[in-house]
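K.L.:
Residue numbers (my numbering), protein chains in the order written: chain A, 1 to 340; chain B, 341 to 680; chain C, 681 to 1020; chain D, 1021 to 1360.
Worth double-checking, as some hints may not be accurate.
Pair by pair, the computed Cβ-Cβ distance ranges are [unchecked claim]:
no. : chain 1 : residue 1 : chain 2 : residue 2 : range
1   : B       : ARG547    : A       : LEU187    : 50 to 60 Å
2   : C       : ASP977    : D       : ALA1272   : 29 to 39 Å
3   : C       : PRO756    : A       : ARG90     : 49 to 59 Å
4   : C       : GLU784    : D       : ASP1273   : 36 to 46 Å
5   : A       : LYS263    : D       : GLU1130   : 40 to 50 Å
6   : D       : ARG1131   : B       : LYS407    : 35 to 45 Å
7   : A       : THR36     : B       : ARG547    : 22 to 32 Å
8   : B       : ARG547    : A       : LYS263    : 53 to 63 Å
9   : C       : PRO756    : B       : LYS407    : 27 to 37 Å
10  : B       : LYS586    : A       : THR334    : 29 to 39 Å
11  : A       : LYS263    : D       : ASN1055   : 29 to 39 Å
12  : D       : ASP1273   : C       : GLU953    : 38 to 48 Å
Calculated pairs, DSS-like style, for lysine-lysine (alpha carbon to alpha carbon, straight line, at most 25 Å) [unchecked claim]:
no. : chain 1 : residue 1 : chain 2 : residue 2
13  : A       : LYS67     : A       : LYS85
14  : B       : LYS561    : A       : LYS246
15  : D       : LYS1233   : D       : LYS1140
16  : A       : LYS186    : C       : LYS939
17  : A       : LYS246    : A       : LYS263
18  : C       : LYS893    : B       : LYS380
19  : D       : LYS1060   : C       : LYS893
20  : C       : LYS706    : B       : LYS599
21  : A       : LYS218    : A       : LYS259
22  : D       : LYS1060   : B       : LYS526
Derived by calculation from the structure, the hints in this document are not laboratory data.
Cβ atoms here follow ideal geometry from the backbone N, Cα and C, with glycine treated the same way.
4 protein chains.
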Amino acid sequence: MWKAGIIGATGYTGLVLISLLLNHPKIKITLITSNTYKGKKISDVFLSLKGLCEDTLVATDQEHRGKCDVYFLCLPHGSSMEMAKVLFDRKAIIIDLSADFRFEDTHSYERFYTRHSAKKLIPHAVYGLPEVYREKIKGAKLIANPGCYPTSALLALYPLLKERLLQGEVFIDSKSGVSGAGRELKLGSMFCEVSEGFRAYNVGTHRHEPEIKKEVEKLAKLNVTFVPHLLPMNRGILTTVYATLKQNMKTADILSLYKKTYKDEPFIRIMDEGIYPDTRFSRFSNYCDIGLKSYNDGTVVIIATIDNLIKGASGQAIQNMNIVLGIDERMGLTNIPQFP
Amino acid sequence: MWKAGIIGATGYTGLVLISLLLNHPKIKITLITSNTYKGKKISDVFLSLKGLCEDTLVATDQEHRGKCDVYFLCLPHGSSMEMAKVLFDRKAIIIDLSADFRFEDTHSYERFYTRHSAKKLIPHAVYGLPEVYREKIKGAKLIANPGCYPTSALLALYPLLKERLLQGEVFIDSKSGVSGAGRELKLGSMFCEVSEGFRAYNVGTHRHEPEIKKEVEKLAKLNVTFVPHLLPMNRGILTTVYATLKQNMKTADILSLYKKTYKDEPFIRIMDEGIYPDTRFSRFSNYCDIGLKSYNDGTVVIIATIDNLIKGASGQAIQNMNIVLGIDERMGLTNIPQFP
Amino acid sequence: MWKAGIIGATGYTGLVLISLLLNHPKIKITLITSNTYKGKKISDVFLSLKGLCEDTLVATDQEHRGKCDVYFLCLPHGSSMEMAKVLFDRKAIIIDLSADFRFEDTHSYERFYTRHSAKKLIPHAVYGLPEVYREKIKGAKLIANPGCYPTSALLALYPLLKERLLQGEVFIDSKSGVSGAGRELKLGSMFCEVSEGFRAYNVGTHRHEPEIKKEVEKLAKLNVTFVPHLLPMNRGILTTVYATLKQNMKTADILSLYKKTYKDEPFIRIMDEGIYPDTRFSRFSNYCDIGLKSYNDGTVVIIATIDNLIKGASGQAIQNMNIVLGIDERMGLTNIPQFP
Amino acid sequence: MWKAGIIGATGYTGLVLISLLLNHPKIKITLITSNTYKGKKISDVFLSLKGLCEDTLVATDQEHRGKCDVYFLCLPHGSSMEMAKVLFDRKAIIIDLSADFRFEDTHSYERFYTRHSAKKLIPHAVYGLPEVYREKIKGAKLIANPGCYPTSALLALYPLLKERLLQGEVFIDSKSGVSGAGRELKLGSMFCEVSEGFRAYNVGTHRHEPEIKKEVEKLAKLNVTFVPHLLPMNRGILTTVYATLKQNMKTADILSLYKKTYKDEPFIRIMDEGIYPDTRFSRFSNYCDIGLKSYNDGTVVIIATIDNLIKGASGQAIQNMNIVLGIDERMGLTNIPQFP
């Protein structure tokens, strides 16, 4: 059994990590931290864990270096890189769920986030999107777990990007459940400010836009516009991508390309022609479901869904960990989508 | 007081019409029909109306010609044109909430719907989008009330279309609350099949797509792609439009154009720069709220919201009626958006 | 036109008061205050009001005495009595939506809330439940608007209490939408902590329990147990009351009693036998709907619904104001319940 | 591996059974039936199962006797007993999720349901509430899986009933998510008829009332009143029980009794004093969570929550199966409650 530590365990990504790791056959949670709730039992913070995990939370800012085989950093950006500096020892696997190590280019990071205080670690970091970077992930000790929106958008686009089949504009219209905003108190996350309403937010200013763009630009020169929206529901992202093909292709041919590209992927499901995913079909699982349609004018519409807390965060983090550990990538991720 | 009849009163558009007309200072509801519930009191079908409207429902297929000044047809397409043939007498105002008279071109209608059995009436019909066709509506006796998605999409696009400022592709990503699917029993409208989930539907096959296209094409040669999605909430549509400007324009300039175009419109509200509408701000009102942003690459994103049952159906129907009657367009439509 | 001031206008009760008063034919809003948002336009705080109310918020703690005919205090308890001391001049009508003047007995108030700093005003205050205290309300200058749960529970019980037909235990099982918790930031009001879940809260400790008890005890010696629950929805309270009759009565007879007791009440609707109210039937209106059933063993179950923000707060406040002003009690309260 | 058949697999209980059994280490699903969808793959009916279960549905009314070790009957009452007659062979375990074998007394069954056509099987049936009837279940070949409301109510009451500590009236106020109504098309289960509303239903006529009563009466002479309500959410039941103690007991003492009674139960969690369960804490798990409070007047309030589709249906069915098979009762039921 490997020992896992969850640093900042009382947000939603921390909770989901614990829930998944409790059923992971090769992992034992030996450390959970929280400054806000230190000294409390995690099962007092989340009554769902009563009888399942009665560990006591210790302070995040204590010294935890060298105590675990894997650390999951569920901290706000800024704090996360500070903790990475403390924990990084080229032995333990550090999986950072914040944005701190997602940008290879410090300048971009600093433009959209804050000053980077752990620049020396950046060259060690691998962008943890297994479907694209599995080989690099295998040997990594510091993994930048991708953002939830980028995960859905990049998996939607990857086969067409890889084959250089797109041109011009790409419009990414994403819709996320509220858990994507985290567990922090915010007026905009209050029930009465969300339920029975729907809105776009951070139009042109969302920090996942540069993350998507820098990944797209590695493969193709395309103009990306990204608009996120807030859904009145807990979990799930659906991303609708509108793009233009360099040459007309039939829906069936593009679907074949997607099935081929993703044929060995344990967590990608390609829908049949005429079928489009619903967030409920992947909810509580690590799946990314993709459906698409091509139009005569060269437009292609690609729809991808994930559970933002699983494939968009904690599940993907475990998938990355499994890859580094060299074990079956599906371990701890056998949750079946739950509906209704 | 003018006499109003609501034909097919026990769906959501019928219910909302009654609710609005009960507070209309110039209208008396004298006829409400339903084949399913005939003989029952409307307040037994909708307990919300208890003490407010205790009228008894009469059969829809009875003879109602010549009895009202205004008829609202809240029937399925196909049935609606049959009823229009019965009621049309060049005196009464007929406002059809179905799609039966929305297409000037019978061929298009028949391609997407069914055989048209009232072709002689088509030349009498006016497409009832007041912000575009107010002058024509004034003299009309048969009004084709627009679809809910087209209302949001066309109002979002109209100022730019009118000034011929767009080119190329237009992507219309719409999201609607469940009441848009009506009150008919359908697996896809069941609570457990909608709540906590989100999906696209009728991709490339929704019948509001040709309705949007034929209106766009009257003003500009653009390629329109429309994808509707189902929101886990009751009421509201938010439409996000992605389009390309012929020449770069600043956000502020486009907002000025919108404010100018819509300056006398009682039901259009243009948001300030950086502000985008939320469906909750227009819920239960006849407003269409519009916010937008222009990007350096010539892309413009326009976001419009309406209450699908009010501005997208029954409220717009009353607005049309008010125009034909020559009374203040806001009568019966002074509902203030209700939130939370 | 009477001049109305809304003190603390940026919570939900303030917003609803503004929304209702904008359509009140005899009232002009001349003052809206907020310390948090002072200097901002109310329509910037609530975009729903754009174009409808563009007034600027002034500081709550400024001097506002003598400037309005009616003041609505939408402040937290404690602050409210301080403001009442400032504004009370035996001329203006002060309607306090907090709990500060709901208890005639200072000792009770202080036991459940805080030290009372305006004891001299207590004798001036009338408990503003019109169906019970209309005559007293008529001459009042200081009205303690009842709590939302007590409104639903007391209206459910009143006819049986008044006729002394109950004995023993009364169990009040109430369920409220989240807007009852106000607009203040709280973890328990966050979307993800409410949606798709249901819980009891403040069992045995909710401060509406003593408010209900002291009103019940004025009419009968009964043992009251009250358990509130939080519904995953915005608006509405449903209260299920379980009580024991002194002597068996048929459902129809109790319904007759209710219809008789409430026969002149504009905002009480008694359901027919076998019909029970749904919160959606009174949502956005000032109605309280009541249905009930009697069992052979002497048990009676009474179910009452209200919109917690209207009949449970701002609507009842306006009803009280109308009574004091001597105008039609329904003015400004003609909102028709909106569903779906 | 034992072979399991799911008869009537395309409702929610069937779907949840499949989802759970796919992760059961000792069970292989070898038969899934549906008359409505026969010939289709189950993963085409429920896209959530894509890649997880691609079995084809066969007709329910075919001959399936002798082919499985366990049959789960997920059929409407009436059909279920017919199928039981066909399948019952004293070897296979038949677990009936309908009400057909829940009443030992045919007369009661026929009064509330329909004519019983399999009376000879009734003596073979055991009421499958493991916490009460585990010993009987061990040897059973026909198990009547309890109703969802009765499961929550009986587990809430059992320790006090067993010790004969209650007297007089018991009021059971239950609230259920919509999935309890099944997947059948009904106006009352449509999204727009449920969302943002709350109502009681079947007051005094719900068929779970006699089921609860007959179980309570086996242990104590008490007057039971049961009122079910419909929550605007998918899954979960919360039952609030109001009862009267024969003698005053402190909350802590009653909690001790509950902990003692249920000390070996794998799926009952007793909350600490002052803590009450939320349906979200047990959602997607087989837990029943219980919290309670005693009042000075002898009243006790007990609150129990379950996931209506797991502990209230399919999970309990698997628990029963595990008991009969003599394997660890938790097998296939290690799902961790999922929240948010």
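K.L.:
Each hint: holds or not?
P.N.:
Hint-by-hint comparison with the structure:
1. B:ARG547 - A:LEU187: 50 to 60 Å: 39 Å, violated
2. C:ASP977 - D:ALA1272: 29 to 39 Å: Given range 29 to 39 Å: holds, Cβ gap about 32 Å.
3. C:PRO756 - A:ARG90: 49 to 59 Å: 55 Å, holds
4. C:GLU784 - D:ASP1273: 36 to 46 Å: Given range 36 to 46 Å: holds, Cβ gap about 37 Å.
5. A:LYS263 - D:GLU1130: 40 to 50 Å: Given about 57 Å between the Cβ atoms, the range is violated.
6. D:ARG1131 - B:LYS407: 35 to 45 Å: Given about 50 Å between the Cβ atoms, the range is violated.
7. A:THR36 - B:ARG547: 22 to 32 Å: 52 Å, violated
8. B:ARG547 - A:LYS263: 53 to 63 Å: 37 Å, violated
9. C:PRO756 - B:LYS407: 27 to 37 Å: Violated - the Cβ-Cβ distance for PRO756 (chain C) and LYS407 (chain B), about 56 Å, lies outside 27 to 37 Å.
10. B:LYS586 - A:THR334: 29 to 39 Å: Given a distance of about 53 Å, which is not inside 29 to 39 Å, the answer is violated.
11. A:LYS263 - D:ASN1055: 29 to 39 Å: 36 Å, holds
12. D:ASP1273 - C:GLU953: 38 to 48 Å: Given range 38 to 48 Å: holds, Cβ gap about 43 Å.
13. A:LYS67 - A:LYS85: Given pair LYS67 (chain A), LYS85 (chain A) holds - Cα atoms ~15 Å apart, limit 25 Å.
14. B:LYS561 - A:LYS246: At roughly 21 Å apart (the allowed maximum being 25 Å), LYS246 (chain A) and LYS561 (chain B) satisfy the hint.
15. D:LYS1233 - D:LYS1140: Holds, because 24 Å separates the two Cα atoms, which is no more than 25 Å.
16. A:LYS186 - C:LYS939: 46 Å, violated
17. A:LYS246 - A:LYS263: 24 Å, holds
18. C:LYS893 - B:LYS380: 41 Å, violated
19. D:LYS1060 - C:LYS893: This hinted pair is violated, its Cα atoms lying about 60 Å apart.
20. C:LYS706 - B:LYS599: Given that 25 Å is the threshold and the Cα spacing comes to 32 Å, the pair is violated.
21. A:LYS218 - A:LYS259: Holds - the C-alpha atoms of LYS259 (chain A) and LYS218 (chain A) are around 22 Å apart, at most 25 Å.
22. D:LYS1060 - B:LYS526: 20 Å, holds
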